[in-house]
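Chains A and B, in that order, give the protein sequences.
Here the numbering used here is used: the first sequence runs in plain steps of one and ends on residue 182.
Here the numbering used here is used: the second sequence runs in plain steps of one and ends on residue 74.
One should not assume that every hint holds.
Distance condition first, Cα-Cα at most 20 Å in a straight line; then the derived EDC-like pairs of lysine to aspartate or glutamate [as the list claims (entries may be wrong)]:
#: 1; chain 1: B; residue 1: Lys10; chain 2: A; residue 2: Asp31
#: 2; chain 1: B; residue 1: Lys10; chain 2: A; residue 2: Glu109
#: 3; chain 1: A; residue 1: Lys133; chain 2: A; residue 2: Asp100
#: 4; chain 1: B; residue 1: Lys2; chain 2: B; residue 2: Glu72
#: 5; chain 1: B; residue 1: Lys10; chain 2: A; residue 2: Glu179
#: 6; chain 1: A; residue 1: Lys45; chain 2: B; residue 2: Glu72
#: 7; chain 1: A; residue 1: Lys150; chain 2: B; residue 2: Asp43
#: 8; chain 1: B; residue 1: Lys10; chain 2: A; residue 2: Asp42
#: 9; chain 1: A; residue 1: Lys150; chain 2: A; residue 2: Glu179
Distance windows between CB atoms, simulated [unchecked claim]:
#: 10; chain 1: B; residue 1: Cys19; chain 2: A; residue 2: Gly176; range: 43 to 51 Å
#: 11; chain 1: B; residue 1: Ala34; chain 2: A; residue 2: Phe46; range: 21 to 29 Å
#: 12; chain 1: B; residue 1: Arg66; chain 2: A; residue 2: Thr10; range: 24 to 32 Å
#: 13; chain 1: A; residue 1: Arg25; chain 2: B; residue 2: Arg74; range: 28 to 36 Å
Derived from the structure by calculation, the hints contain no laboratory data.
Glycine included, every Cβ here is placed at the ideal spot set by N, Cα and C.
Okay, here's what each chain looks like letter by letter:
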Amino acid sequence: MIPYNREQITIPPNGQPLEQQPQWRKDFPIDWPEDHYVARRDFTKFMVLTSFAFVAGQAWIVIQNLLRQRRGVLPMQRIAQLNQLAIGQSLTFDYPAEHDSCILVRTGENGFVAFDQRCTHLSCAVVPEPNKKRFLCPCHNGSFDLATGKPLAGPPRRPLARIQLEIINGAIYAAGIEERAA
Amino acid sequence: MKTPFTREQKITIVYGILCIVVVLVVLQLWLLTATMNAYLGGDTGVIWPALIASLVCFLLNLGLLRHLYAMERR
Chain A
1 MIPYNREQIT IPPNGQPLEQ QPQWRKDFPI DWPEDHYVAR RDFTKFMVLT SFAFVAGQAW
61 IVIQNLLRQR RGVLPMQRIA QLNQLAIGQS LTFDYPAEHD SCILVRTGEN GFVAFDQRCT
121 HLSCAVVPEP NKKRFLCPCH NGSFDLATGK PLAGPPRRPL ARIQLEIING AIYAAGIEER
181 AA
Chain B
1 MKTPFTREQK ITIVYGILCI VVVLVVLQLW LLTATMNAYL GGDTGVIWPA LIASLVCFLL
61 NLGLLRHLYA MERR
C-alpha cells in the first residue's frame, strides 16, 4: 500500500472527489490549498503596505504642522473700511494666501465676523444668509451659526475657522486664524 | 534542525498573522482619521504620539510578515 501523505492531497474548493468535478477543473488542476495559502500571504503583504501608507499619512500631518509652525505669526491684512458694508452685507477676501477664501459679514452696528469660507465637511464655499442668521453650505445642506461659526445642521462637525479681526483707524484688518475643534 | 510546517499548519499560521495585521491596520486607520480631525481642529498635541503609535503598528506588521516569509524558508 502506498503510504498516505496528506501533504500531496489537493482538495477542490467544493470538497467533492475529483470524479465529480467539472471538466474545466480537471483540465486545469490547481493546487487549491497552496493557492489559498499564497492568496492569504499576498493579502497580508498588501495589508502591510497599507499599514506603511497610514504611517506616511501620519508623517504628512506632522510635516504640515511643522510647516505651519515655521510660518509663524500671520501678517495683518486690510480687508475693508468700516462704513463699506451695510448691516447684513458680506464681503469675500483672500487670507492669508491668495487662494484662501474668507468671508466678512457685518452682523450689527458694531458687529463684524469673519470666517474661512471653506465648509469643514468637504471644503465647499459657504454662503451667508443673514436673515436666517446662518452660513449655508449648498453642497450637502450644512449650516453654521452666523455669529460663532459653529455647526447647526448637516454633515459638518467642526466650526468654521474664525478670522481674528482688528479695527484700526476705521478700517477692518485680518490678524490671524483661529482653528477650532468640534 | 527545524521541521518544516505542514501545509495545514502554514494555513493556520497565515490566518492568525492576517487577523493580527488586519486589527493593527484598522487601528492605524482610526488613528489617522482621529489625528486628522484633531489637527484640522487646531489640536496639535496628539500628532507626534499618533505618529509613533502608527509606526509601532507598522513595525509589528513588518515583523509578522518577515516571520511569515521566514516560515516558508524553513
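The hints, checked one at a time:
1. B:Lys10 - A:Asp31: Holds: B:Lys10 and A:Asp31 sit about 15 Å apart, inside 20 Å.
2. B:Lys10 - A:Glu109: violated, 76 Å
3. A:Lys133 - A:Asp100: violated, 23 Å
4. B:Lys2 - B:Glu72: holds, 12 Å
5. B:Lys10 - A:Glu179: violated, 51 Å
6. A:Lys45 - B:Glu72: Between A:Lys45 and B:Glu72 the Cα gap is close to 14 Å, so the pair holds against 20 Å.
7. A:Lys150 - B:Asp43: holds, 17 Å
8. B:Lys10 - A:Asp42: holds, 14 Å
9. A:Lys150 - A:Glu179: holds, 12 Å
10. B:Cys19 - A:Gly176: 43 to 51 Å: holds, 48 Å
11. B:Ala34 - A:Phe46: 21 to 29 Å: About 24 Å separates the Cβ atoms of B:Ala34 and A:Phe46, which means 21 to 29 Å holds.
12. B:Arg66 - A:Thr10: 24 to 32 Å: Since the Cβ atoms of B:Arg66 and A:Thr10 sit about 29 Å apart, the hinted range of 24 to 32 Å holds.
13. A:Arg25 - B:Arg74: 28 to 36 Å: Distance hint for A:Arg25, B:Arg74 holds at roughly 31 Å.
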